[in-house]
Structures are given as C-alpha cells and as structure tokens.
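Peer 1: Take a look at the letters that make up each chain.
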Amino acid sequence: MKNFLKIILLIFLFSGFSFSAQAAEKIEYLKTDWSFKGLFGKFDRASLQRGYQVYTEVCSSCHSMKYLSYRNLSEKGGPEFTVEQAKAIAASFEVKDGPNADGDMFTRPGRLSDKFVMPYDNVQAAQAANGGAYPPDMSVLVKARGGGVDYIYSLLQGYEDPPAGVTLDDGVYYNKYMYGNKIKMANQLSDGLVEYTDGTSATVEQMSKDVTTFLMWSAEPHLETRHQMGFKAIVYLIILTILVYFSMKKIWSRIETEV
Amino acid sequence: MSDHEYTPKSKFGKWFNDRLPLLTLANHLTDYPTPKNLNYWWTFGGILTFCLITQIVTGLVLAMHYIAHADMAFDSVEHIMRDVNYGWLIRYIHANGASMFFLAVYIHIFRSLFYGSYKAPREIIWIIGIIIYLLMMAAAFLGYVLPWGQMSFWGATVITNLFSAIPLVGEGIVTWLWGGYSVDNPTLTRFFTLHYLIPFLILGLVVLHIWALHVPGNNNPVGIDIKKPSKDTVPFHPYIVIKDGFALLMFMIVFAFFVFYTPNILGHADNYIEANPLVTPAHIVPEWYLLPFYAILRSVPDKLLGVVAMLSAILILAALPWLDTSKIRSAVFRPLYRQFYWILVADVLILGYVGAMPAEGLYLLVARVATAYYFLHFLVVLPLLGWKEKTLPIPLSITEPILGGSPNLATAKSKESLKN
Numbered sequence: 001m002k003n004f005l006k007i008i009l010l011i012f013l014f015s016g017f018s019f020s021a022q023a024a025e026k027i028e029y030l031k032t033d034w035s036f037k038g039l040f041g042k043f044d045r046a047s048l049q050r051g052y053q054v055y056t057e058v059c060s061s062c063h064s065m066k067y068l069s070y071r072n073l074s075e076k077g078g079p080e081f082t083v084e085q086a087k088a089i090a091a092s093f094e095v096k097d098g099p100n101a102d103g104d105m106f107t108r109p110g111r112l113s114d115k116f117v118m119p120y121d122n123v124q125a126a127q128a129a130n131g132g133a134y135p136p137d138m139s140v141l142v143k144a145r146g147g148g149v150d151y152i153y154s155l156l157q158g159y160e161d162p163p164a165g166v167t168l169d170d171g172v173y174y175n176k177y178m179y180g181n182k183i184k185m186a187n188q189l190s191d192g193l194v195e196y197t198d199g200t201s202a203t204v205e206q207m208s209k210d211v212t213t214f215l216m217w218s219a220e221p222h223l224e225t226r227h228q229m230g231f232k233a234i235v236y237l238i239i240l241t242i243l244v245y246f247s248m249k250k251i252w253s254r255i256e257t258e259v
Numbered sequence: 001m002s003d004h005e006y007t008p009k010s011k012f013g014k015w016f017n018d019r020l021p022l023l024t025l026a027n028h029l030t031d032y033p034t035p036k037n038l039n040y041w042w043t044f045g046g047i048l049t050f051c052l053i054t055q056i057v058t059g060l061v062l063a064m065h066y067i068a069h070a071d072m073a074f075d076s077v078e079h080i081m082r083d084v085n086y087g088w089l090i091r092y093i094h095a096n097g098a099s100m101f102f103l104a105v106y107i108h109i110f111r112s113l114f115y116g117s118y119k120a121p122r123e124i125i126w127i128i129g130i131i132i133y134l135l136m137m138a139a140a141f142l143g144y145v146l147p148w149g150q151m152s153f154w155g156a157t158v159i160t161n162l163f164s165a166i167p168l169v170g171e172g173i174v175t176w177l178w179g180g181y182s183v184d185n186p187t188l189t190r191f192f193t194l195h196y197l198i199p200f201l202i203l204g205l206v207v208l209h210i211w212a213l214h215v216p217g218n219n220n221p222v223g224i225d226i227k228k229p230s231k232d233t234v235p236f237h238p239y240i241v242i243k244d245g246f247a248l249l250m251f252m253i254v255f256a257f258f259v260f261y262t263p264n265i266l267g268h269a270d271n272y273i274e275a276n277p278l279v280t281p282a283h284i285v286p287e288w289y290l291l292p293f294y295a296i297l298r299s300v301p302d303k304l305l306g307v308v309a310m311l312s313a314i315l316i317l318a319a320l321p322w323l324d325t326s327k328i329r330s331a332v333f334r335p336l337y338r339q340f341y342w343i344l345v346a347d348v349l350i351l352g353y354v355g356a357m358p359a360e361g362l363y364l365l366v367a368r369v370a371t372a373y374y375f376l377h378f379l380v381v382l383p384l385l386g387w388k389e390k391t392l393p394i395p396l397s398i399t400e401p402i403l404g405g406s407p408n409l410a411t412a413k414s415k416e417s418l419k420n
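Chains A and B are the protein sequences, given in the same order.
Using the working numbering, the first residue of the first sequence is number 1, and each one after it goes up by one.
Using the working numbering, the first residue of the second sequence is number 1, and each one after it goes up by one.
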C-alpha cells in the first residue's frame, strides 16, 4: 500500500509539473473585471450599448454578425435599447429585399426583423477587400477562441512594433497575443476614435472592454437567463437532495446497515 | 422471472395479468432482493439510465429544430441557441449530458473492475455492457459531427480515415462511409440518421443488461454469493430507489453546474467555427472521454497496427471474465490486485492526458509506456495474479463482517463501540 501511495504521488507530481510547464509557455492575457462572470453575472447595459457603438462605427466595416437581428438589440438581457431606438437603428441601414411584384430587387430601410447588414456580399468579396484574409463573422467569435473574452480584449490592445529579427510582409501586423504573433488586421482602436453618447471617455482600454462585452452578449444572448435559472435550479436541487437524504435515513433506519 | 408467485388483487388486474404479466414484472422490480451493503458506487447504474433518457428526450427536441445539411447545420444550431424557446438549455443539457454520461459510465466500469462484477455468473451482463459502451462511443462521435464546426468536420475526417488502414478494401470502405470523396453533406445526413438510431439500440441493450442482472442478482462490495431473499437483502423499493434517487440528485447538481455555469468548458472552441474543408485546425483532438484510446492509437507508429491496438484496448475488456483467473471477486480481499487496480486507473488517466497533448517527444514516450502497461495489465498481470495472489479470508455472509471474525472486524468493532 505504501509503495502504491508513492507511485500515485509521483504521478501527481509529474502531471502537476507538466501542467505548470505548459502554463509557463502560455502568454498571460490582460485582465479586467467582467460583470458577466460568476454565479450572478449580468451584462453591464451601458457597456453593451457602447460596445454596439464601437462595433457599428469600427468593426462592422469588415466584420459581419450574421446571426444577430436588429430586434435582438431591444431584447431583455441584451443592450436593451428601447424598441424605438432599435427601430431607428434598423432604419438607418439599407436592406436589399425582393423580388417585388415586377421581379426586381430593391432596397428599403431596415426593420427589426432584419439580420444585421453584412459588410460584404460573400466570403470571396471580403477576402478580396482584405488582402486575402477573411474577417471572421463575430457573432460567436468569443466562443470560437480558446482564450475567450480575455483573448479578444488583449488582442485589441496587443499591437506592438515587431521585435528585432521579425520581418513582416505588407498588410501583416505584429500582435503579441495573436497565435504566431502575425495578424492581418491593422490596429483599429486609438484613443478618442469614437465619441460615446453617454460621455464616457473613449480610451483604447474602454473601447476594448465595451466591444468585447458586446461580443460576449452576441455569442451568449441568453447568458443572464442562464445564470438566473442556474442559481434557482441548483438551490432547488440542493434542498430536494437534503430532503431526500433525511427520507433515506429514515427508511434505512429499519435496517441495521448504514447508508 | 420472479422467485415467488404473484397474483394481482383486483379482478381486472388478474384478467390483465393472465394475458400480459406486466403486473408480475412490476412486482418483481419492486420486490427485487438487493444486497443491503451496496455502496454509492452502485448507484451509477440508475444514474446512467437517467443519462440515457435525458439524452433521448433532449435529442428529440433538438432534432425538431436541427437541419442536417452541410450548408445549414451550423446555422440551425445557432438558431436553436438564439431563437428556439429554451433551445440553449436543451442543447447545453444534451452536449454536457454526453460528458456526464461518460463520466458515469467510467465510474460504473471501474466499479465493476474493482469488485469483480464481471466474473461468473455475470459475464453476459458485462459483455452487453461493453457493447453498450462501444455504441455510446459511436453515438458520441457521430453527435459531435452534427454541429458541423471545425472539430466536427476534422474529427470526422480523422476517424473515418482510420478505416483506410484496412488492407485492400480500406480506401473503398472510406469512400462508402463518406458517400463521396471527402466528408461532405452525404456524410452528415447519414451520421445524423445513425446518431438518431443508436440511442434506441442502447435502450434495448440496457433492457437486456438489466434482465441479465436480475437473473443472478447484484454483486456486492464483499463479492460473495448471497441467498435471496434473506437477511442480507432488502427489497429494491423503497430502499434502493431512495438511495439511487439521493445519489442521482447529487449527480444532477454537478450536471446543472456544468450546464448553467460552464457549458462550453468540455467542448473545443474550434467547434464554434463553421466547418471549412480548406483550413485544418492546429490540433485535432477528440472529446475528453475518447482521449485514452486516441493516445493508444497514436502511440503505435504503424497506422493499421494503431487501429488494431485501439480496438483491442476496448475489445480486450470483453475477454476480462476469462483473463482474470482469480476466484475471489472483490478487490477488498485481494491485496495485490487492489494495488494493480489503482495503477491501471492511473495508467488510463495518464493515457487520457497524453491523448490531449501533441504526439511528440516525452508525451509520445509516456503514451507508449502507458499503452504497453495497459495491455500488460490484462494479458499478464491478471492471469498471473489468479495463481500467485494470497487472498484474504472471505466472510460467509454480508452480515458476518459486522458480527466479527472477518478482516473488517476492526472497523466493525469501532462502529460497535461508537454505538454503545
């Protein structure tokens, strides 16, 4: 038995070591406090609205968000614009519709039921306009990247001059958080790039945080419901478990065996 | 089926039962004499039944909204996540449910290994269990392909390509499986069909598994044959029902935590990128529950032999009742086997870990040693132990360890003194 314990201990030490060796290779992402983390995590409404502003004014010229509709902007648990605001936002976009009774395609102002207007007609057009790189759809981007929100948040602030010895081709930029450090998206954010309607100072850090929060919501639009329901479900289960435990004890008390 | 005759009380009951003895069956299930010393490791049978039903029910709802088409599958999953009422909940239960199912089945299998539940007269229960396990792996793999993300696509490509290792007909089989010359829409639609079929096959086998169990009755931690019904047994209802219920609730708390608070932690981020045949992910890894076998596959340099090794690693379990030559079931009375048992547990965990790592350098070396040991355990250690091991004296009944004269005497006495 003692020998066996030694073996197990060695295995744990070994695996612990290799885990930490791995961790050492990973880059530390920038940290910020996300309001949506934790058991009761909720989105910061104002941050979501600002994040939407950053998305429309900056990101949306290249990145689509094909799974979002304008109606989502006024839905509960999201940026919660008023329905009027969401309608106005939708109407500010030109949407291609048709064919009409004459068989012609036409454009009309957007409605709540429309999906977010895409910056390019297709993937090929997007690639052609961006030096061969396809700007990924951002609807579920946060969930599609290993580091999640921390990764996106860091990447937006991770542009640096390349270290000596690293040469970059035209249209390729250096980012210390990018996988392989080379990224085809140029640095997009600079202080004061957007003018927040709520008067918040638009620092790069603030804009990164807001737009990342917005992306988290777009990837998990039901996050708040999930957290609320989860808490109720688990509390309910715990109470039921305790009740069943005492019932079990009572029933088994007729038998001399312990449960 | 039942050991005693049963006659329904009501006239209609009698009439019905003479024609279809459902009431006799219900009575058998209620009265079924169960060893009273079963510990909580025995509750996972019930938990697994719950897992299967959960997967079938959530799967049915998902199938109502999912579209099995290469161009629409990914979109339809996002539609479920966003616009279907509580679609996110159903999908997260189904996705995490698969992991919970495997967690429970691994505990169930390792419980069987520890207490020798696979030994005579329970070989058929064990072999049906292994078939269920194989089908579970097939269902899980097929299901992982359906969201049509990057890992779905490339996982399907890697696994189906394994068949190309078969000499002469391998390439032909792969083309036949794909329904074309690459993983594409025909592959997706047939995978969906099979993914829908397999759970019902599993359900049928579960019925046989339980039927086969009810013939000899449950094994127990002491591992001895017991008289049924006797002082050593309790009726299934209410004793085992409430105990299984309690354990199931504990399990559900863990399950709920994953579903509501970390629903994506067990999946791979790349599967939220739509499948793209032109871009290969940096690392193609299967779901965590298949990792030990993936490690075995990759530890053999030859493709065909790798596939053979991986399949043997699972199929060798079916021969276990005959590879283990010891007459004593429970590891409690097998001091040497107990140590080898825990080494095997560690070995499988190590295989799982290296299965997630790139197959190179130290990882590959560890994978090879662990693979060799895995087979050594079943092919050499177990047969030899039956001959060499000095087992401890086993008690004559379950009640005996409590009354004295057994290796558990010390614990029994300390319990007694607590009571007095």
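Simulated from the structure, these hints should not be mistaken for laboratory data.
Don't take each hint at face value.
With a cut-off of at most 25 angstroms between alpha-carbon atoms, the simulated PhoX-like pairs for lysine-lysine come out as follows [as the list claims (entries may be wrong)]: (1) Lys-250(A) <-> Lys-231(B); (2) Lys-250(A) <-> Lys-303(B); (3) Lys-96(A) <-> Lys-115(A).
Predicted model only: the values in this text are computed from it and were never measured.
Peer 1: Need the list of violated hint numbers for this structure, in ascending order.
Peer 2: 2
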